[in-house]
Amino acid sequence: MPVMVGIVSYGSYVPYRRLKRAAIAQALGTPAGKGERAVASFDEDSVSMAVEAARDALRTVPSATIGTLLFATTTPPYAEKLNAAIVGAAARLPLEIRAADLTGSVRAGLPALLQGADAARGGAPALVAMADCRLAAPEGKSEQAGGDGAAAFVVGSEGVIAEIEATASVTREFLDTWRTPGERFAHGWEERFALTQVYAPLLGKAIHDVLAKATVTPDALTTMILDAPNPRAADEIVRGMKLEPAQLGDSLALTVGQTGAAHAGLLLANVLAAAKPGDRILVATASDGADAVLLRVTDAAADYRQPRSVGRLIESKGDVAYASYLKWREILPTEPPRRPDPERPAGPPMFRSETWKFGFVGSRCDACGTPQLPPQHVCVHCQARDRMMPYPFADRRAKIATFTLDRLAYSLNPPTVNVVVDYDGGGRFLCEMTDCEPETVAIGDEVEMTFRRMYTAGGVHNYFWKARPKR
Amino acid sequence: MASNGIKDRVAIVGMGCTQFGEHWDKGPDDLLIDAAYAAYESAGVDPKDVDAYWLGTMGQLSGLALSVPLKIPYKPVTHVENYCATGSESLRQACYAVASGAYDIAMAIGVEKLKDSGFSGLVVSDPPNDGTLGNMTAPASFSLLAPAYFKKYGLDPDQGKDVLSRIAWKNHRNGAKNPKAQFRKEVPLETIKNSPKVADPLGIMDCSGVSDGSAAAIVVRAEDAHKFTKDPIFIKALSFVAGPGEGPLAQGYDFTTFREVVASATDAYHQAGITKPREQISMAEVHDCFTPTELVLYEDLGFSPRGTAWKDVLAGFFDLEGTLPVNPDGGLKSFGHPIGASGLRMMYEMWLQLRGEAGARQIKRPTLGLTHNLGGMPGRCVSFVSIVGR
Chain A
1 MPVMVGIVSY GSYVPYRRLK RAAIAQALGT PAGKGERAVA SFDEDSVSMA
51 VEAARDALRT VPSATIGTLL FATTTPPYAE KLNAAIVGAA ARLPLEIRAA
101 DLTGSVRAGL PALLQGADAA RGGAPALVAM ADCRLAAPEG KSEQAGGDGA
151 AAFVVGSEGV IAEIEATASV TREFLDTWRT PGERFAHGWE ERFALTQVYA
201 PLLGKAIHDV LAKATVTPDA LTTMILDAPN PRAADEIVRG MKLEPAQLGD
251 SLALTVGQTG AAHAGLLLAN VLAAAKPGDR ILVATASDGA DAVLLRVTDA
301 AADYRQPRSV GRLIESKGDV AYASYLKWRE ILPTEPPRRP DPERPAGPPM
351 FRSETWKFGF VGSRCDACGT PQLPPQHVCV HCQARDRMMP YPFADRRAKI
401 ATFTLDRLAY SLNPPTVNVV VDYDGGGRFL CEMTDCEPET VAIGDEVEMT
451 FRRMYTAGGV HNYFWKARPK R
Chain B
1 MASNGIKDRV AIVGMGCTQF GEHWDKGPDD LLIDAAYAAY ESAGVDPKDV
51 DAYWLGTMGQ LSGLALSVPL KIPYKPVTHV ENYCATGSES LRQACYAVAS
101 GAYDIAMAIG VEKLKDSGFS GLVVSDPPND GTLGNMTAPA SFSLLAPAYF
151 KKYGLDPDQG KDVLSRIAWK NHRNGAKNPK AQFRKEVPLE TIKNSPKVAD
201 PLGIMDCSGV SDGSAAAIVV RAEDAHKFTK DPIFIKALSF VAGPGEGPLA
251 QGYDFTTFRE VVASATDAYH QAGITKPREQ ISMAEVHDCF TPTELVLYED
301 LGFSPRGTAW KDVLAGFFDL EGTLPVNPDG GLKSFGHPIG ASGLRMMYEM
351 WLQLRGEAGA RQIKRPTLGL THNLGGMPGR CVSFVSIVGR
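Heads up: the sequence lines are chains A and B, in that order. With this note's numbering applied, the first sequence covers 1 to 471. With this note's numbering applied, the second sequence covers 1 to 390.
Simulated from the structure, these hints should not be mistaken for laboratory data. Keep in mind that the hints are not guaranteed to be accurate.
[As the list claims (entries may be wrong)] Derived list of chain B stretches under chain A, where covered just means 3 residues or more per stretch with a C-beta under 8 Å from a C-beta of chain A:
1. 147-158
2. 192-206
3. 272-283
4. 306-317
[Unchecked claim] Pairs of lysine-lysine residues, derived as DSSO-like cross-links and limited to a Cα-Cα distance of at most 27 Å, are as follows:
5. Lys34/A - Lys399/A
6. Lys197/B - Lys327/A
7. Lys20/A - Lys141/A
8. Lys177/B - Lys311/B
9. Lys115/B - Lys470/A
10. Lys193/B - Lys115/B
11. Lys470/A - Lys7/B
12. Lys185/B - Lys75/B
13. Lys7/B - Lys26/B
14. Lys34/A - Lys205/A
15. Lys141/A - Lys317/A
16. Lys26/B - Lys193/B
17. Lys276/B - Lys7/B
18. Lys75/B - Lys227/B
19. Lys470/A - Lys399/A
20. Lys276/B - Lys399/A
21. Lys151/B - Lys399/A
22. Lys399/A - Lys7/B
Since the structure is predicted, the reported quantities are computational estimates derived from the model, not experimental observations. All residues carry an ideal CB built from backbone N, CA and C; glycine is no exception.
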């Protein structure tokens, strides 16, 4: 009997900011779509969002057990340099992992999950992170339809909560959506062509094949998740399969938007949150071909608790003005402040401080027990030398001891909120605070840590940690 | 092991200070030459008689920054740097050098040319690093004091803002009487209170002036002082400390004090034999880089009991006509803050006041003056305290 593999744990991430489609329409004088889309903040990108989802997925699985890391995105911050390595460092994965970026198509998410499953079939679990920061030219449909977000899964053979029963994939060469290196916005062919000639037939075939392999009929599906570039392709499939409306997973179109390579994963994470043992979930995605995965929820899922559900993240939000969004994405150029440009972080110091900078691991004095960050050699409390043990702070809650709003510092989103935070269990740090309404920040507020892109200088993305209000 | 001090062993016998402000027509060399020659003249010494120099300025790598423009012929010139306390550090080194007997006459000089950078506010660049050091401006780091102080002592934000504005108002009022100050006019309280925000709750009028300037002092051993002037001023105490930086690192520090200032003040008072600073000190020049700094310094220097400085501010205790005038020359706020020069500028006011040369802002018969100079940020700074007298 083949080894059972499947999803062991999962995490998701929807950024805090929302852009109302009506606000875009109002600014541009175009027809307004319904609802809103999630917007990665000025200090987020696909890597930082993948880290947030991966951290959530790793709350129930020790990161030391992971053997493979795959990162799927169409918006990698680096065109050359392993983006997955940043995710791995921030998630504190071990040195001995195989890691790869999967990119080039919004289809990348589900194949990454399947490759992770293949890797895990032979041994250690795989962490599969998928994230996208969908960017489209103003006035286009994609600008309104797109969304930013991330999902992450640990796939393995032990403690499986959703077993992969069958998979099917089809790939064809055709021209629908494309973007060459250096271009910011994708081009698209006339929609009717891909809808009638490609997506409906390919998606239909992948779904048919996966059900046939598992000998499951459509009526046995608890939920079907369809992620297609054109929602009408999904509608046709649903009609053809005679599915009940209750069998369809939420597309998150009204609350998040289509999150590219992350979308199938994000929809799946949302469905898994409410899944019960025995449920059958079919996930299918189409773009440059199609993939379909049939999952069966196991008994182990009954005891699985997802600390931060997609639903909770959707409810935790604050608006962003369209003009701010355009500034954040550097679509709208602005007058630079009369302050020096930020300096490019240097390679050797980043290498030396990898566990601190990326993993937010401080130290704890073995002589007096005082936690401190950044990691020290000489204890700030008892001055003992080199009695320090690594001490992770990333998942610790903290309270604001004092704060300031810096209106002079360079930022795409002034004012920069700086906070001094005291961690539960000891340790203090002075850092930026993000995803907050500056006017409401107060001494005593509870915060948690989040991995962010501080700025980009000289082509180097400077990642580090910030505080944010509890989500 | 002890900090023994050099009470009454060294005297300042001459000082020079340029106008502070926007010197579009002068570079750092021009400012240095102006201040140095004013100090030579004030002490009545020929440049060739000065045995050693200490230069305080940011970012320069050697004493050549002084020896070349002044054409100092083959003598020791040392460049020192200690953040915004750099000027005081150059004075401290020069004083110790003559006290030790190594040299007879030394000059301490500081200069900064900030207005050529083209940037708003002070710019300090870090060595190559891992990108985790943060991007906080000076007003933001000092504004951390304000909400912490207000909360601890029960001031609502509006009350707190009134106190801070009153400090800036006083310093502008003093600076208006000072021909060498960068800003020489009184500013109404309402204007200060409503000035554009820089780092909440601080507005632009809570910040010291970005300024160009230079100041210099000539020091000799006390027994030689009267050969140069009939009114020397004597060093009673010099204290300098650098902290371990525990403020942003260890819980417990509450951002309503500078432990470095408390340590340097305690040391200085010990050296000078002062037990009741609030009564014994006649006047002080303190490091009012931002208004909450001055508020907290009143308590750290022992001028006000903890939690009460804000009441003293509102009561006018530190006004020019008050019991303990602070920043009679206008302070960093109104006189301006060219980093390397500021510590010596503070001493220049002591020099004028103790000799009765302060004109419209002359304090009645001062006997002991204090200068306080700091650099860094709350919880992670260097602090200097001097006490001088007749």
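27 Å Cα cutoff - pair Lys177/B, Lys311/B: holds, 25 Å
Hint consistency between Lys197/B and Lys327/A [alpha-carbon to alpha-carbon, up to 27 Å]: holds, 22 Å
Pair hint outcome, Lys20/A versus Lys141/A [Cα-Cα no greater than 27 Å]: holds, 14 Å
Satisfaction of hint between Lys7/B and Lys399/A, Cα-Cα up to 27 Å: Between Lys399/A and Lys7/B the Cα gap is close to 46 Å, so the pair fails against 27 Å, i.e. violated.
Satisfaction of hint between Lys470/A and Lys115/B, Cα-Cα up to 27 Å: violated, 43 Å
Agreement of Lys34/A and Lys399/A with the hint, judged by alpha carbon distance not exceeding 27 Å: Given that 27 Å is the threshold and the Cα spacing comes to 38 Å, the pair is violated.
Satisfaction of hint between Lys205/A and Lys34/A, Cα-Cα up to 27 Å: violated, 31 Å
Distance restraint between Lys26/B and Lys193/B, which requires alpha-carbon spacing of 27 Å or less: Between Lys26/B and Lys193/B the Cα gap is close to 33 Å, so the pair fails against 27 Å, i.e. violated.
Within 8 Å of chain A (C-beta), three or more residues of the region 306-317 of chain B: violated (count 0)
27 Å Cα cutoff - pair Lys276/B, Lys7/B: Cα-Cα ~18 Å, so holds.
Proposed proximity, Lys7/B with Lys470/A (alpha carbon, max 27 Å): Violated, at about 56 Å.
Proposed proximity, Lys399/A with Lys470/A (alpha carbon, max 27 Å): Distance ~10 Å between Lys470/A and Lys399/A Cα, so the pair holds.
The structure shown violates the earlier hints numbered 3, 4, 5, 9, 11, 12, 13, 14, 16, 20 and 22.
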